[in-house]
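2 protein chains.
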Amino acid sequence: MKKIILIIMDGLGDRPNKELDGLTALQAANRPNLNYLSSHGTTGLMSPVASGIRAGSDTSHLSILGYDPNKYYTGRGPFEALGVGLELKPGDIAFRANYASIIDGKIVDRRAGRIQNTAELSSALETEIDGVKFIVKSGVEHRAAVVMRGPNLSDKVSETDPHSVDSSPMDTEPLAPEANFTSAVINKFLERSRKILASHPLNRKLISEGKLPANEIMLRGVGKMPAIPSFHEKYGMKAACISGTPLIRGIAGLAGFDVLSVEGMNGRVDTNYENIISSAIKSLEKYDFILINFKGTDIAGHDRKPRLKKQVIESVDSVIAPLLKLLQDTLIVVTGDHSTPCSFGDHTGDPVPIMFATDGIINDNVRSFDELSVSDGYYKITSEDIMPIIMSYSDRSEKYGA
Amino acid sequence: MKKIILIIMDGLGDRPNKELDGLTALQAANRPNLNYLSSHGTTGLMSPVASGIRAGSDTSHLSILGYDPNKYYTGRGPFEALGVGLELKPGDIAFRANYASIIDGKIVDRRAGRIQNTAELSSALETEIDGVKFIVKSGVEHRAAVVMRGPNLSDKVSETDPHSVDSSPMDTEPLAPEANFTSAVINKFLERSRKILASHPLNRKLISEGKLPANEIMLRGVGKMPAIPSFHEKYGMKAACISGTPLIRGIAGLAGFDVLSVEGMNGRVDTNYENIISSAIKSLEKYDFILINFKGTDIAGHDRKPRLKKQVIESVDSVIAPLLKLLQDTLIVVTGDHSTPCSFGDHTGDPVPIMFATDGIINDNVRSFDELSVSDGYYKITSEDIMPIIMSYSDRSEKYGA
Chain G
1 MKKIILIIMD GLGDRPNKEL DGLTALQAAN RPNLNYLSSH GTTGLMSPVA SGIRAGSDTS
61 HLSILGYDPN KYYTGRGPFE ALGVGLELKP GDIAFRANYA SIIDGKIVDR RAGRIQNTAE
121 LSSALETEID GVKFIVKSGV EHRAAVVMRG PNLSDKVSET DPHSVDSSPM DTEPLAPEAN
181 FTSAVINKFL ERSRKILASH PLNRKLISEG KLPANEIMLR GVGKMPAIPS FHEKYGMKAA
241 CISGTPLIRG IAGLAGFDVL SVEGMNGRVD TNYENIISSA IKSLEKYDFI LINFKGTDIA
301 GHDRKPRLKK QVIESVDSVI APLLKLLQDT LIVVTGDHST PCSFGDHTGD PVPIMFATDG
361 IINDNVRSFD ELSVSDGYYK ITSEDIMPII MSYSDRSEKY GA
Chain V
1 MKKIILIIMD GLGDRPNKEL DGLTALQAAN RPNLNYLSSH GTTGLMSPVA SGIRAGSDTS
61 HLSILGYDPN KYYTGRGPFE ALGVGLELKP GDIAFRANYA SIIDGKIVDR RAGRIQNTAE
121 LSSALETEID GVKFIVKSGV EHRAAVVMRG PNLSDKVSET DPHSVDSSPM DTEPLAPEAN
181 FTSAVINKFL ERSRKILASH PLNRKLISEG KLPANEIMLR GVGKMPAIPS FHEKYGMKAA
241 CISGTPLIRG IAGLAGFDVL SVEGMNGRVD TNYENIISSA IKSLEKYDFI LINFKGTDIA
301 GHDRKPRLKK QVIESVDSVI APLLKLLQDT LIVVTGDHST PCSFGDHTGD PVPIMFATDG
361 IINDNVRSFD ELSVSDGYYK ITSEDIMPII MSYSDRSEKY GA
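These protein sequence lines map, in sequence, to chains G and V. Take the first sequence: its letter number 20 is residue 20 in full-length UniProt numbering, and every next letter is one higher. Take the second sequence: its letter number 33 is residue 33 in full-length UniProt numbering, and every next letter is one higher.
Extracted from the complex, chain G is given alone in its bound form (with noise of 0.2 Å):
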């Protein structure tokens, strides 16, 4: 049985950009290592959850993981609040949520004025009502996760963003009679959450200065978080993951993988590539799995920054060196989670180049790791074939029939 290194460029798949003569950023790049692991296995296009889908990060790395996200992704808001760096349990009820400013009983900007930092009004909005406690915690700008934990919660509630301005603020309302609890105590939470907000000293400071106050909380993309089976239950395999984007982290966390922290690692381009490398490297000792996300090349495309993009390829390829010498006992994986092209800006349904790179398997014919060279490959598949590919490469699978 061989361990695995599954590598995943967040974002990796790209479109011909003018400022790189027309290549994608992988096409560009340097990457003698990438193109060497590439030509010591098999390579081809995926599309992540299915042919032409915009897959999220979220819906992406549930499939690539091998959790269906029709069954697991059960809404916006328990990912949201992943993502912020919350630990969710599965009955969690959570919710991506906006700061908005209301004037005159009247909604004036769903955004606050794009406030900067919501730290302290969330931390204030913290509570318990009625046996059920809300965690509240801040994202990026006016945006925020609020998650409910507590017994008998539903989520068939009715949002209370009303999505346009010149709206009075909106109560919850019940989808479903078992949901007349919840819808109860969010309007609780809700009408609390108000008093604080016009009284708090922050708001009181940027009606002085003559901006905008943050003085309503509005809940959307309800959803509750599910019980998804062990990666190990699964697999049979110990798993750790090495990222540092909270997202990436909180949906490792709840497959049960091992979270490892490393020095200098962040979700950023800037984050120690090398540091990271060497701890998967250390971690094979221990980890049957070792799941890697660098998040720059998705930063890069989100931001279209073709030559950006490119540099943070190059630092992935630079520190992956050692990795071509572990082909006898390892099976290394790269892949992307999505395509975030930079000519667009945005995630895009476009399949992304994988490899599958180790000893004494076919070799394809591609002997280059990007996008046009991949496509004469071995495989055209979508993210849920990645798991059964890998236990059958590493020898781990169990036979299907006899």
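Source of the hints: derived by calculation from the structure; they are not laboratory data. All the pointers check out, no bait thrown in.
As the list makes no split between identical chains, a pair holds if one copy fits it or if it spans any two.
Only pairs whose alpha carbons sit at most 30 Å apart, straight line, appear in this in silico DSBU-like list of lysine-lysine: (1) Lys18 x Lys2; (2) Lys3 x Lys18; (3) Lys305 x Lys2; (4) Lys224 x Lys133; (5) Lys18 x Lys380; (6) Lys399 x Lys18; (7) Lys71 x Lys156; (8) Lys71 x Lys380; (9) Lys205 x Lys133; (10) Lys286 x Lys234.
With chain G fixed as given, assemble chain V onto it according to the hints.
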């Protein structure tokens, strides 16, 4: 409408072999006729059952013939029974069985010293109890299959193999109320079997020679034989199977194929290749669809003998020359049911080469039939895609829509 010959070289897919200068058996084989066929149609890679799945011959043949194994593969028992040459009927309950050695009430060897020939023990155990017929047939070494035939039988019973030595032999228990009768009958069968085996001349002889007796039969892998819609019903084709392998003959028989006899045909590497092909050609007069299974490639793979696997492929290649003249009216399909790489000695989840050869269809750019060449071909499919493609290329499909 064209007639179809589907040739399955069992376990065809391979990986690089040192003994063959890093080539797969198929790459290394002299195969002018396979190459000719591959240049007269479309080719590709086919994943049996699904990507990465280590399919057995049973699940894969079911899937190739259009029977979803998730629906029709109901446990190893029924297919093990087919594999030893028993004819099963829908509703039959079948087990895999092991002859084991019991001394002083404890299992001392779960394989009865890998006893070589248990045929007379199996015959002695056949009986009828409370209207339920027990059919027992020996397989290789200590292995056997036990089939129960009668009304009101259920497969919701526990197995009787403790899977460890030093345990006591077990009786079965019902796992659902509807299995109470079945469980009681099995336990009567086991009680009777123990008496017969204890006093059987073969066991007395083994003991007198200081060898372990085969005095317990342990049951596992229970399954109920499903009713399978006939191939003729599904596809409107009169079908025949030409194979020397009991499992394949059994599956084809279940699907309503005529299972043909051919002089010199067996399930080994020394089968009569020429007679098989000439029988297939002759059978085109009477049948629309002919399934041929050559087992030798799989046997060589399990035995880790790449040169033998290459020879088997060359034997097939040399006898199929007459098929090249049939392409005007016949669709020739060649593939494997799974990969059995000689370097691994068992099935893997690697995709398998496939080709569809007939006059008048697209000829893709592939001129050579092997794992790498066909990866440049038309298709990246799974086994469930094969029958629809066959139906279309043979001008037999109904239009879906207008």
